[in-house]
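> Now for the letters of each chain:
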Amino acid sequence: MAAVKETVDQVRAIDVDQYKYGFESDIASDRARKGLGEDVVRFISAKKNEPEWMLEWRLDAYRRWLTMDEPTWARVEYPQIDFQEIYYYSAPKSTAGPKSLDEVDPELLKVYEKLGIPLREQAVLAGVEGAKIAVDAVFDSVSVVTTFREELAKKGVIFCSISEAMREHPELVRKYIGSVVPVTDNYYATLNSAVFSDGSFVYIPEGVRCPMELSTYFRINERNTGQFERTLIIAEKGSYVSYLEGCTAPQRDENQLHAAVVELIAMDDAEIKYSTVQNWYPGDKDGKGGIYNFVTKRGDCRGDRSKISWTQVETGSAITWKYPSCILRGDDSQGEFWSIAVSNGRQQVDSGTKMLHLGKNTKSRIVSKGISAGHSQNTYRGQVSVNRKATGARSFTNCDSLLIGQGCGAHTVPYIESRTPSAKVEHEATTSKISDDQLFYCISRGLSAEEAVALIVNGFVRDVLQQLPMEFAVEAQKLIGVSLEGSVG
Amino acid sequence: MTLVPAALKRRTRAETAIDAAFAAVRADLPGAGRSEAFARFATDGLPHRRIEAYHFTDLHTLVTAAPEPARRPSPEVARATALAAGVDAFAAAGAARFVLVDGWFCPDLSDLAGLGDGVSVSSVGAGLLGGRQLAGRGLDGLGERLADGGAAADPLVALACAFYTDGVVLRVAPGTRMARPLEIRHLASGASVSAHVRHLIVVGDGGAAEVLETHASPDGVEIHAHGLTEATIGAGATLSLVDRQCEGDQAMRFSTLAVAVADDAVLDHTVVTLGARLARTQVFARLGARTQLTSRGATLVRGRAHADATLVVDHVGEDAVSRELYKSAVDDEARSVFQGRIRVDPVAQGTDGRMGAHAVLLSDRAEAMAKPELEIFADDVACAHGATVGALDDALKFYLMSRGIPAAETEKLLIRAFLGEVTDAVASEPVRAVIEADVEAWIDGRERSA
Amino acid sequence: MLEITNLHAEIESEGREILRGLDLVVKPGEIHAIMGPNGAGKSTLSHVLAGKPGYLVTEGTATLDGVDLLGLDPAARAAAGVFLAFQYPVEIPGVGNVTFLKAALNAQRRARGEGEISTPDFMRLLRGAAGRLEISQDMLKRPVNVGFSGGEKKRNEILQMAILQPKLCILDETDSGLDIDALKVVAEGVNGLRSPDRAFVVITHYQRLLDHIVPDFVHVLAKGRIVKSGGPELALELEAKGYADFAEEAA
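Protein chains in written order, with UniProt numbering: chain A, 1 to 489; chain B, 1 to 450; chain C, 1 to 251.
If we strip away everything but chain A, and leave its shape as in the complex, we get (with noise of 0.2 Å):
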């Protein structure tokens, strides 16, 4: 369900610099010193009680770190970061690990209840009709609660924060993390593996369908905080799970760092099903302030017959750097990778997909949606390569950009690399302007500019939101629509 209960009826006159989810909640929290360094890094280890390996792997990242260099390819601008800046850790003070919704602090709560995240279950079940979710809630840089555990461990599930499950299935976590983004895979891997406070782990066991949608809601709120969340889902043979995932930020003048990693491995004959919604704070319109967004999403399609299906719809942060990519290893394996990008104001968008075809009879298939809006730019950067052992193999990549108005940008950038014949790799692109006949013909039958905008972008978007669960999907259109709201005039 959604990350977002209010509707669109309650932020009437929103321009882009009322962004709805901007309130601050006044909570104690127990932060790291300032800056970065060893000690930082031994100071979470310490905090989340890390086993010796963990922090020697930790430290291991830090200082591979120190002798990488900002990635400068993508199609964004911004100032130098100022990494001693940040707070790398902010904890809400009194979550010594909540046993129950009652020990969480009910200013949290309410934060939670703010964005419409249910957190209480019954709420939940009282709620949407039949839509049971678990959510794992990470507030700045820890998980608060995860709900619906027990009802998930009857099926032999694990759904709990990342740092729990360091502690409570070592084996699991040491086995996998680090398997599919190796600690040295980009600058913002690496510091993510240097750092990384909390996040979540799931566990599906073999041949187990997961009862419901897991969901891990993330939330930035404390100033000059980083949230460096790690994500770790396995699906063990023939199991299935389907994930999704929501973000939101206050409005803040300065800009926030947002460097998360995210890795799902899937088994012979398992599906993983992620789905995004990112709404990070965006900045004003002329670009004050909004979230950085440095995203390393990859799944690895380690047995045959698996699946890895990226959905996003990507509406806020300042700057999204994010690529979410499958290695298909075992044969028969297929990735997918669903888009919607909406850029306003002055929002940098640098997001795609990398789709490595390893195995045999392997399948990709890339649908894009770009929208650039404002004074925007909005790229679509994706790779597709074939290796010579992947015989048989296909791919299919459909990227298509819509720009409104005069002020903004959009960009394809596909890499195609084939290597055996007996691979069939197709890639169609188009750009166009929000079609005037189209709008004409909305407004003439009595819509207003903005909601005939809204109805064409939706159409526009419709393959890729039908790929999101029902109530998400709901949410996203909305979303989207808001996103638009103030682009024409």
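Think of the hints as simulated: they come from the structure by calculation, not from any bench.
Please note: incorrect hints may appear among the correct ones.
[Stated by the list, open to error] Result set (DSSO-like, lysine-lysine): computed pairs, CA atoms no more than 27 Å apart in a straight line:
1. A/Lys360 <-> C/Lys52
2. A/Lys34 <-> B/Lys412
3. A/Lys175 <-> A/Lys360
4. C/Lys153 <-> B/Lys412
5. A/Lys363 <-> C/Lys153
6. A/Lys424 <-> A/Lys363
We have chain A already, so just place chains B and C on it with the hints.
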């Protein structure tokens, strides 16, 4: 320069040879701007895969040697070269002929008569000896205008600007139509040398020009052939340009066309790449308002050859139409690369741009890379690109075979049909016939592995 | 002419058996209709006879005038006299219809040790056949099947049949996607090619084609085998009763 750039510290063998060659010949080569051009190259050396524009064509590794710059051939060598090259395929097109051997103009082998009033052809070499300056940032200031498209910063352009020995200057006066096409025929003496040419084509407002270029070199000789053609097409003018690259199997060919197309002008460009162990063909086109660009390419590679077609089409005026279609047939262990970028400036409303890149892999170890880009800053546009890589269609093969056509012939028919979309579009009948014959010869020359 | 004995075939990639011991004998001059429910293996039979890749024959034989068809590649089968009129003729961009027909005819003639046909003779042959099938000059000039309507594609198949003069013509659901006028043109084209030394295997789901191409024998194919054979009246019976009974019988 007080500091040695970091990249200069570790030069590859080829880079060292290029440095030495420049030091050896710079005193002999007239014309300004050569040292500046060479400095632009030398700072970073041969581009490697981390340089975005060379991601798929890493010259740092692919170019392992650099033969000495070619000296002006003696009249005897020139005559023998022309004799060995045989009949000029474009003779049927009735073209005037400007012949270069190893990058040097050979007037005795050329026939420049009958191009008509208002059409002048001269050699860059003669101009240089006459003290005329063609260098600097570009010929006729064109370089300034090409800076945005990336041509001015390109290392291959820099090399051509540093080393060029000769080339054609073709000027077509406003309102003038060439009476016959001009063929620029590049021959190679067979010596392992580096040849560098630089052409200038200026078509005045409302004029019309047709240029055919043929590059030929013998198999088995490592020749590095560098070419830079700078062209301006005046308002309402037309330029038709056919570039036919039939290099030998050990040759390396680096060609750049940098062209500014003024308002209402038309550029029709065709490039056919056959042979060459390594080929990189670059087109930088800047399109004014209501211009029409057609650029089509056929790339046929086999052995261990690597052929790269790189295209930057920059729409800087309203309502221009660009159509690009590049097709490659890749056999054996060869590799084809296509990079194409359509860029639409904020003022270029009404742009209609379409680009297609298609590769067919004919053997198990053939490879194709494609990077078709759209970079759009104006909203009222209709731009699209499509790219495909795959084998010949099995369903088509079966259909043809079920009508009794044997497997080998079926493949030929389908390869010809695949490339036909490019070759059929060449308007001039005799020119099309030459290109079709090239394709046919390549197909016939495929060594059947099975 | 055509003798099929105990033919078993499966889809290679799936290992799923489609033909399960099919027997059929077709003599020169005869027209045999093969009918059956969807999924019975009708199209598979036509594909296996023409040599389409992707099928694996696991047992049985198929010979044309004593020549083992299954050992030949599709081009050699065509030269031996097999012609398949496709249910879905493919479009071949860049290959002109005339060029294609001439290439096919000459390839078959060469394979049979005959000389190539002269261009004037070929054009005469083509014009005659095209006229009978109402195929325009424009269709002949265009690439094979590209931009053709469904009816035009089917007429083009019959044109090829007329030019190539095969011994055995297999029509795979040629009536699908045709309106009644197009169906008549196609049927007349086929009837015009009837001769004492040529046989036809007409695969169809519906009886209506058989009103126009009258068969000598009708066979019901179900679950990969011929389960019933009879005269033209069997087709009418099927039209009235449907295939339900035969699906049962085969099971």
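> Now, for every hint given, state plainly whether the structure supports it.
Hint check:
Proposed proximity of A/Lys360 and C/Lys52 is supported: the alpha carbons are some 23 Å apart, at most 27 Å. Our distance criterion of 27 Å between C-alpha atoms is broken by A/Lys34 and B/Lys412, whose separation comes to about 69 Å. A hinted pair counts as satisfied when its Cα atoms are at most 27 Å apart, and A/Lys175 with A/Lys360 qualifies at roughly 26 Å. The hinted pair formed by C/Lys153 and B/Lys412 meets the criterion: a straight-line CA distance of about 24 Å does not exceed 27 Å.
Simply put, A/Lys363 and C/Lys153 have alpha-carbon atoms about 32 Å apart, too far for the 27 Å limit, and the pair is violated. Between the alpha carbons of A/Lys424 and A/Lys363 the distance comes to roughly 10 Å, so the proposed pair stays at or under 27 Å and holds.
This entry does not satisfy hints 2, 5, going by the numbered hints stated previously.
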